[in-house]
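A.B. asks: Okay, here's what each chain looks like letter by letter:
There are 2 protein chains.
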Amino acid sequence: MTHQGSVAYIEDIARYEGQPVVIRGWLHNRRSSGKIHFLTLRDGSGFIQAVMSKAAVDEDTFRRADHLTQETSLIVSGTVRADSRAPGGFELDASTLEIVGTSVDYPITPKEHGVDYLMDRRHLWIRSERQHAILRVRAEVIAAVRRFFDDRGFILADTPIFTPAACEGTTTLFPVQYFDDTTAYLTQSGQLYNEADAMALGLVYCFGPTFRAEKSKTRRHLTEFWMVEPEVAFATLEDVITLAEDLVVSVVQRVLERRMPELKRLERDVSKLEQVQKPFPRISYDEAVTMLNAKGQPFEWGGDFGAPDETVLASSFDRPVAVHRYPSKIKAFYMEPDPERPDVALCVDVLAPEGYGEIIGGSQRIADYDLLVRRIKEHDLPPEAFEWYLDLRRYGSVPHGGFGMGIERVVTWICGLDHLREAIPYARMLYRIYP
Amino acid sequence: MTHQGSVAYIEDIARYEGQPVVIRGWLHNRRSSGKIHFLTLRDGSGFIQAVMSKAAVDEDTFRRADHLTQETSLIVSGTVRADSRAPGGFELDASTLEIVGTSVDYPITPKEHGVDYLMDRRHLWIRSERQHAILRVRAEVIAAVRRFFDDRGFILADTPIFTPAACEGTTTLFPVQYFDDTTAYLTQSGQLYNEADAMALGLVYCFGPTFRAEKSKTRRHLTEFWMVEPEVAFATLEDVITLAEDLVVSVVQRVLERRMPELKRLERDVSKLEQVQKPFPRISYDEAVTMLNAKGQPFEWGGDFGAPDETVLASSFDRPVAVHRYPSKIKAFYMEPDPERPDVALCVDVLAPEGYGEIIGGSQRIADYDLLVRRIKEHDLPPEAFEWYLDLRRYGSVPHGGFGMGIERVVTWICGLDHLREAIPYARMLYRIYP
Numbered sequence: 158m159t160h161q162g163s164v165a166y167i168e169d170i171a172r173y174e175g176q177p178v179v180i181r182g183w184l185h186n187r188r189s190s191g192k193i194h195f196l197t198l199r200d201g202s203g204f205i206q207a208v209m210s211k212a213a214v215d216e217d218t219f220r221r222a223d224h225l226t227q228e229t230s231l232i233v234s235g236t237v238r239a240d241s242r243a244p245g246g247f248e249l250d251a252s253t254l255e256i257v258g259t260s261v262d263y264p265i266t267p268k269e270h271g272v273d274y275l276m277d278r279r280h281l282w283i284r285s286e287r288q289h290a291i292l293r294v295r296a297e298v299i300a301a302v303r304r305f306f307d308d309r310g311f312i313l314a315d316t317p318i319f320t321p322a323a324c325e326g327t328t329t330l331f332p333v334q335y336f337d338d339t340t341a342y343l344t345q346s347g348q349l350y351n352e353a354d355a356m357a358l359g360l361v362y363c364f365g366p367t368f369r370a371e372k373s374k375t376r377r378h379l380t381e382f383w384m385v386e387p388e389v390a391f392a393t394l395e396d397v398i399t400l401a402e403d404l405v406v407s408v409v410q411r412v413l414e415r416r417m418p419e420l421k422r423l424e425r426d427v428s429k430l431e432q433v434q435k436p437f438p439r440i441s442y443d444e445a446v447t448m449l450n451a452k453g454q455p456f457e458w459g460g461d462f463g464a465p466d467e468t469v470l471a472s473s474f475d476r477p478v479a480v481h482r483y484p485s486k487i488k489a490f491y492m493e494p495d496p497e498r499p500d501v502a503l504c505v506d507v508l509a510p511e512g513y514g515e516i517i518g519g520s521q522r523i524a525d526y527d528l529l530v531r532r533i534k535e536h537d538l539p540p541e542a543f544e545w546y547l548d549l550r551r552y553g554s555v556p557h558g559g560f561g562m563g564i565e566r567v568v569t570w571i572c573g574l575d576h577l578r579e580a581i582p583y584a585r586m587l588y589r590i591y592p
Numbered sequence: 158m159t160h161q162g163s164v165a166y167i168e169d170i171a172r173y174e175g176q177p178v179v180i181r182g183w184l185h186n187r188r189s190s191g192k193i194h195f196l197t198l199r200d201g202s203g204f205i206q207a208v209m210s211k212a213a214v215d216e217d218t219f220r221r222a223d224h225l226t227q228e229t230s231l232i233v234s235g236t237v238r239a240d241s242r243a244p245g246g247f248e249l250d251a252s253t254l255e256i257v258g259t260s261v262d263y264p265i266t267p268k269e270h271g272v273d274y275l276m277d278r279r280h281l282w283i284r285s286e287r288q289h290a291i292l293r294v295r296a297e298v299i300a301a302v303r304r305f306f307d308d309r310g311f312i313l314a315d316t317p318i319f320t321p322a323a324c325e326g327t328t329t330l331f332p333v334q335y336f337d338d339t340t341a342y343l344t345q346s347g348q349l350y351n352e353a354d355a356m357a358l359g360l361v362y363c364f365g366p367t368f369r370a371e372k373s374k375t376r377r378h379l380t381e382f383w384m385v386e387p388e389v390a391f392a393t394l395e396d397v398i399t400l401a402e403d404l405v406v407s408v409v410q411r412v413l414e415r416r417m418p419e420l421k422r423l424e425r426d427v428s429k430l431e432q433v434q435k436p437f438p439r440i441s442y443d444e445a446v447t448m449l450n451a452k453g454q455p456f457e458w459g460g461d462f463g464a465p466d467e468t469v470l471a472s473s474f475d476r477p478v479a480v481h482r483y484p485s486k487i488k489a490f491y492m493e494p495d496p497e498r499p500d501v502a503l504c505v506d507v508l509a510p511e512g513y514g515e516i517i518g519g520s521q522r523i524a525d526y527d528l529l530v531r532r533i534k535e536h537d538l539p540p541e542a543f544e545w546y547l548d549l550r551r552y553g554s555v556p557h558g559g560f561g562m563g564i565e566r567v568v569t570w571i572c573g574l575d576h577l578r579e580a581i582p583y584a585r586m587l588y589r590i591y592p
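Chains A and B are the protein sequences, given in the same order. So the number in this note's numbering is just where the residue sits in the first sequence, counting from 1, plus 157. So the number in this note's numbering is just where the residue sits in the second sequence, counting from 1, plus 157.
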């Protein structure tokens, strides 16, 4: 079969208006009248409708399109025509059609399927318009994060996945049988290594998968998730909050600029995202507690916020809110106490609007050797596991700080999803490691 | 103490010529005459010499610099002065000095230390000029790889770390105790998932840590390493080789453009890197075997190349060489056979020059369902583990291909290192998961 035209991706189709092109992809959908086939094609970069009129093609070609099934792979050539009614602004007037691979009884049809059914077929489900859009937004979020840090002179320093000791208790760690009788644990955060790297490289970030063996089945937990963690030598809490704010604004902005078609396909209310501008409101934990009680959500000082509390807090603002200075008791051992009020930590959580909850958690870290040793003891942690970490306070300690941002939580928020499982290609959860 | 000037990073110092700046960092080295202290400072972005003359500062400040120890953290202000003899082109005429954190008996001195000693102190070793340079090159390599794919419309789709079944035998897999009685295995490659993702998104890549439980102690093995793997729907072997070539040229080019000071500090012969231009020589496995025998390296058709063979082959060329069409028997089950000669596979390895060996391995994948099922049986693999993978051939199969490139191998080559362990912040090896 001879196809006429340049091989093109649907995403770039506007460049080819009025020209012949060759599209290689899959049949997403089909409807036919007696004299015209309307074939919705997808090629991974987008979707386009090919219009095949009986008058425009030979008999064989038209008949070949009569019984095309969903997800048949094909090569179609035709002429690109602008059409303002088309979702992407263009249609293809088809002239040739070649079938590459058949598809019999494709298991995901336009009808409704249960989530477990779809998750069992995740390798196919991602071909759907909605999942396709989410994964493209995810890729854009990650590219935005990396460019943000690279452009500001941060050095990417990958922290290890295999870690030697159970730094924060073993209950939520996944053990790995390493060689001989050694047990390694999968990382929960690159932060301790990040601190060492910041002392060597000044401005650093790590960005990789992290693991939590939590037996929770909520819509906000995965056992394997991606996290970006910047760490900055000589940074104060103030610097950490500003960096978090700049990052979130930059990521949302880039997605709005480059993934608007995907957001529309997800029926996301983008006006909510357009409000994500500096400055973010900043409130102390104390103020947050007062706010909760004033809004009829009883809350006692000293506890950690649950999802309903975060929703109430976030609903008071049209953009993310930074909540700082939580009680030290409910926060990690390495957080610097506020010198003016040592019962609270120089830490911050950023809560996304619209009830999506915490997306960022960070702090200034303890710089003083003696205080850090005391905190390790108070938290009943094994001091020998922290010998190398204490070296950072032995040899030229400096104030420093950073944060972690969970990628799936950000994607869930930006896409407006109900559950984290759709924000990653292959979600790992309590009862799911397949496919 | 009052410091005069803007807070600046050493990397940006040229912008501040003649102006007062504040540098925050660590003492890397010090020498003194009676009337002048020469303080080499590092701040993570670079190194600079601060010159403190007794005449220019008050008595206290000068005395404070008398006994400064290596890795003391400090804040120094002064005026930036161009000096063509300085490695970075500038020096600082110091006017104030504040000590932030002391450093007593820093364990890594300018004298020689053994590698195990240094690896035990990796969290400090990375502060040295040489390790600092390597890590900055590594970050640049990774940024270059990601930009290359992002700019070409590839969608990043992260493949899972936890995988359900031992697809290629369990001997080199790390098992993880998942919940209850489930065992998960750490991924060795994202390829199978990549293939599913390419059918959904067209052009994809994954880029994450991968794991091999190999009990080898060579300088070319890590148990945890980072790999980038692109996969392209409708790609042939020819497309795969061209993509690999473009990627390698683009990465080397970007490092040359942006990390020349680091390459010089590593005493890398950059003329060798400048030769990395298109086109790469392409030779078949058959030709490679003939070449080895002609060069006095006896080699029998059918075997896989060892490191010495790769070195001999690579030494015939001034740039990377693509070796294609290896015997199917020694390659993975999913590789498409050459239709003109089914005993060889449509695959390619790219060997780096100067004896650095294989950096890329890739292939066109089997598109036909029946052939793939036959290969799975021939390789004694458990068919049930591949049910979802076979779906990709059931529903609209297309020709496709891709490759994997090991980041630490590329960094080792570009930096001219002896061992992979220096090409990653915290190397994991047979006997090392600390720090």
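No wet-lab data here; the hints were simulated from the structure. Since we're looking at a predicted model, the values are computed, not measured. Hints should not be assumed to be uniformly reliable.
It does not matter which identical chain is used: a pair holds within one copy or between any two.
[What the hints assert, rightly or not] Cut-off 20 Å, straight-line C-alpha distance, at most; resulting in silico cross-link-like pairs (SDA-like, lysine to any residue):
hint, residue 1, residue 2
1, 429, 540
2, 452, 464
3, 268, 290
4, 429, 247
5, 488, 518
6, 421, 195
7, 192, 248
8, 372, 338
9, 211, 159
10, 372, 321
11, 486, 167
12, 534, 226
A.B. asks: Confirm or reject each hint.
C.D. replies: So, going through the hints one by one against the coordinates:
1. Taking the closest pair of Cα atoms, residue 429 and residue 540 never come within 20 Å of each other, the shortest separation being 47 Å inside a single copy and 48 Å across copies.
2. With identical chains, the CA atoms of residue 452 and residue 464 are at most 20 Å apart within one copy only, with a shortest distance of 15 Å there and 69 Å across copies.
3. Within a single copy, residue 268 and residue 290 get their C-alpha atoms as close as 19 Å, which meets the 20 Å cut-off; across copies the closest is 56 Å, which misses it.
4. Proximity of residue 429 and residue 247 under a CA criterion of 20 Å is satisfied in neither setting, with 29 Å inside one chain copy and 48 Å between copies.
5. Proximity of residue 488 to residue 518 under the C-alpha cut-off of 20 Å is restricted to the intra-copy arrangement: shortest distance 10 Å within a copy versus 46 Å between copies.
6. When the C-alpha separation of residue 421 and residue 195 is checked against a cutoff of 20 Å, the pair qualifies neither within a copy, at 23 Å, nor between copies, at 61 Å.
7. For a Cα distance limit of 20 Å, the shortest separation of residue 192 from residue 248 inside one copy, 17 Å, qualifies, whereas the shortest one across copies, 79 Å, does not.
8. For a Cα distance limit of 20 Å, the shortest separation of residue 372 from residue 338 across copies, 14 Å, qualifies, whereas the shortest one inside one copy, 26 Å, does not.
9. Taking CA atoms no more than 20 Å apart as the test, residue 211 paired with residue 159 passes inside one copy only; the shortest distance there is 18 Å, against 83 Å between copies.
10. In this assembly of identical chains, residue 372 and residue 321 lie within 20 Å of each other by CA distance solely across copies; the values are 18 Å between and 23 Å within a copy.
11. For the homomeric pair residue 486 and residue 167, neither the shortest alpha-carbon distance inside one copy (54 Å) nor that between copies (39 Å) is at most 20 Å.
12. Within a single copy, residue 534 and residue 226 get their C-alpha atoms no closer than 65 Å, and across copies no closer than 30 Å, so neither meets the 20 Å cut-off.
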